[in-house]
Amino acid sequence: MSQADLLDQDPVFQLKGSMLAITIMELVHDDLERLDRQLTDKVAQAPAFFQNTPLVLALDKLPESQTTLDLAALMAVCRRHGLRTLAIRASRAELVAAADALDLPVLPPSGARERPIEPGGERKREPEKPAQPDVRPTRVITTPVRGGQQVYAPGGDLLVLAPVSPGAELLADGNIHVYAPLRGRALAGVKGNPAARIFCQQLAAELVSVAGQYKVADDLRRDPLWGQAVQINLSGDVLNITRL
Amino acid sequence: MAKILVVTSGKGGVGKTTSSAAIGTGLALRGHKTVIVDFDVGLRNLDLIMGCERRVVYDFVNVINGEATLTQALIKDKRLENLYVLAASQTRDKDALTQEGVGKVIDELAKTFEYVVCDSPAGIEKGAHLAMYFADEAIVVTNPEVSSVRDSDRMLGLLASKSRRAEQGLEPIKERLLLTRYNPERVTKGEMLGVEDVEEILAINLLGVIPESQAVLKASNQGVPVILDDQSDAGQAYSDAVDRLLGKEMPHRFLDVQKKGFLQRLFGGRE
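Protein chains in written order, with full-length UniProt numbering: chain L, 1 to 244; chain A, 1 to 271.
Take the hints with a grain of salt, since some may be wrong.
Stated by the list, open to error - Pair by pair, the computed Cβ-Cβ distance ranges are: (1) Arg253/A x Thr53/L: 21 to 27 Å; (2) Glu81/A x Pro154/L: 37 to 43 Å; (3) Lys174/A x Pro47/L: 33 to 39 Å; (4) Gln168/A x Pro154/L: 24 to 30 Å; (5) Gly223/A x Val140/L: 48 to 54 Å; (6) Asn52/L x Ser161/A: 40 to 46 Å; (7) Glu249/A x Val140/L: 45 to 51 Å.
Unchecked claim - Here are some, though not all, of the chain L residues that point toward chain A, as calculated from beta-carbon distances under 7 Å: (8) Pro144; (9) Arg146; (10) Gly147; (11) Gly148; (12) Gln149; (13) Pro163; (14) Ser165.
Rather than coming from a laboratory, the hints here were simulated on the basis of the structure.
The C-beta atom is built at its ideal place from N, Cα and C for all residues, glycine as well.
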C-alpha cells in the first residue's frame with residue numbers, strides 16, 4: 001500500500017454527542033414590535049448576556065389564530081439584540097415550511113425540563129424551599145487569602161483551597177480546613193464550640209485557636225510538627241496538634 | 001481597547017516609579033502608544049525619572065479640576081515618539097484626587113493610548129487605591145525582604161477585593177510579580193529572600209527579576225529610564241519583563257551569582 005492509500009484510510013472526522021445549555025425563546029405572541037421593545041428592555045438589564053447568544057426559537061406555544069408570523073423578520077429582530085437563531089421548534093406545517101425555506105433546522109416540540117431563566121442574574125430565582133436542616137453550608141474559598149483580609153464562616157465550616165498569608169485571619173463557628181500553607185491566623189469554634197478543629201496541609205500559622213484556647217507562632221514553632229500537615233483539636237484546656 | 005496597568009507595592013522605595021518609567025518606555029520602544037500617569041500627588045517623582053521635570057506646566061490634578069485639557073497636560077517624551085507622561089501635582093495632596101475625576105481621565109486616555117501605566121504612590125490609602133481601582137493588570141513591585149513581601153501581599157488582597165473589576169464582578173485583575181533589587185550573592189548567603197521564597201508566599205505569576213544595579217541610580221539621576229541603558233543588567237532585565245508582559249516567553253536571567261573573573265578577583269570587583 002502506498003503512503004497515499006494509508007492516509008486515505010485515516011478518519012477525517014468523529015461524530016460526538018454533547019449536551020449544551022441553550023437559551024430558548026418561547027413566543028406566545030406574534031407582535032414583533034412589542035417583542036422588539038421588550039427585548040430592548042431585557043438587553044438593558046444584562047448587556048453581557050446578549051452577545052451572540054445561541055438561541056432556539058420555540059414557536060409551538062403560539063396560539064393557532066396567529067399564523068401570520070414572518071420568520072425572517074423575527075430572526076432579524078433577535079439578531080439585532082445579539083441573539084442568533086440556531087433552530088426553531090415548531091410542529092405547524094406552515095412554520096416548518098418557512099424554516100425549510102430559510103435552511104433552518106426544525107426541532108420537535110418541547111418535552112418538560114425547561115425552566116425560565118432571568119438573564120439579569122440570580123436574584124429573581126426563588127425555588128420553593130425544602131425544609132432546611134439547621135446546618136449552614138461550608139464556606140469555600142479558592143483564592144489566596146492575603147494579609148489584612150478576614151474571612152468568617154458563620155455557623156459552619158470554612159474550607160480554603162489556597163495559601164493563607166501572614167496577617168490574614170480565618171474565623172469559623174465550625175471547623176477550618178486549609179489545603180495549602182496556613183501562614184496567617186486561624187480561629188475555629190469562635191462562638192465557643194470546643195469540638196471544632198483546624199486542619200491544614202502546612203502548619204506555619206501566626207496563631208491557632210479553638211473555642212478561645214490559643215497558641216501563638218512562638219509556641220507553635222517549637223512543635224516538631226511545625227511545617228507539617230496537622231490537625232488541631234481541643235481536649236480539656238489543651239490544644240493538641242497531631243499529624244494528619 | 002487600551003490596557004490599564006498599575007505599578008504598585010504597598011511599601012515605599014521598592015522601585016515603583018523606576019519600574020513604571022522602565023516598563024512604560026519599554027512598551028513605547030516596542031511601538032505601543034503609551035502614557036505613564038503619576039498618581040503620587042504631593043510627592044511627584046516620575047517627571048524626574050523620565051527627565052521631563054522642566055516641561056511640566058499642567059498636571060493630573062489640573063485636568064481633574066478642569067483647569068487644563070488632557071492635551072495641554074500630557075508631556076511628550078523627547079526620545080520616543082509613542083511615549084507621554086502625565087505628571088502629578090506637587091502643591092496638592094492625595095485628597096485632590098476623586099474617583100470620578102480619575103475615572104474620567106483614565107477613560108479619556110484609554111481612547112487614544114494602547115497602554116496606560118499608573119504609577120501608584122506607596123501605602124494603601126486614597127492615592128494608591130485610586131491608582132489601582134481602574135486597572136486591568138497589576139505589576140506588584142517587591143523587594144526580596146520580608147516587610148516588602150508582606151506589604152505586597154496586603155496590596156494583592158486589595159487588588160482582589162477593592163478594584164472596579166472586583167466590585168463589578170468582572171474577571172479579576174491580572175496580577176504579576178516584579179522582584180526588584182535582587183542580589184543573588186546575598187541570597188546565597190541567606191541574607192535575602194530567594195525568588196522561589198517570594199513566589200511561594202505571594203503565589204502569583206513572576207513577571208521579572210531586576211538585579212540590584214548601579215545603573216538604576218545613575219539612570220534616575222540622569223532622568224533616563226534605565227531600560228534605555230541596554231548595556232546594563234537592570235536595563236536588560238526590564239526589557240525581558242516588558243517582552244513577557246506582551247506575552248513572549250523569555251527565560252529569567254540574572255538569578256545566579258556571577259563568577260568573578262581572575263583579574264576581578266585579584267583587584268576586587270565593586271560590590
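Here's how the hints hold up against the structure:
no.	hint	in the structure
1	Arg253/A x Thr53/L: 21 to 27 Å	violated, 47 Å
2	Glu81/A x Pro154/L: 37 to 43 Å	violated, 57 Å
3	Lys174/A x Pro47/L: 33 to 39 Å	violated, 23 Å
4	Gln168/A x Pro154/L: 24 to 30 Å	holds, 26 Å
5	Gly223/A x Val140/L: 48 to 54 Å	holds, 51 Å
6	Asn52/L x Ser161/A: 40 to 46 Å	violated, 31 Å
7	Glu249/A x Val140/L: 45 to 51 Å	violated, 34 Å
8	Pro144	holds, 5 Å
9	Arg146	holds, 3 Å
10	Gly147	holds, 4 Å
11	Gly148	holds, 5 Å
12	Gln149	holds, 5 Å
13	Pro163	holds, 5 Å
14	Ser165	holds, 5 Å
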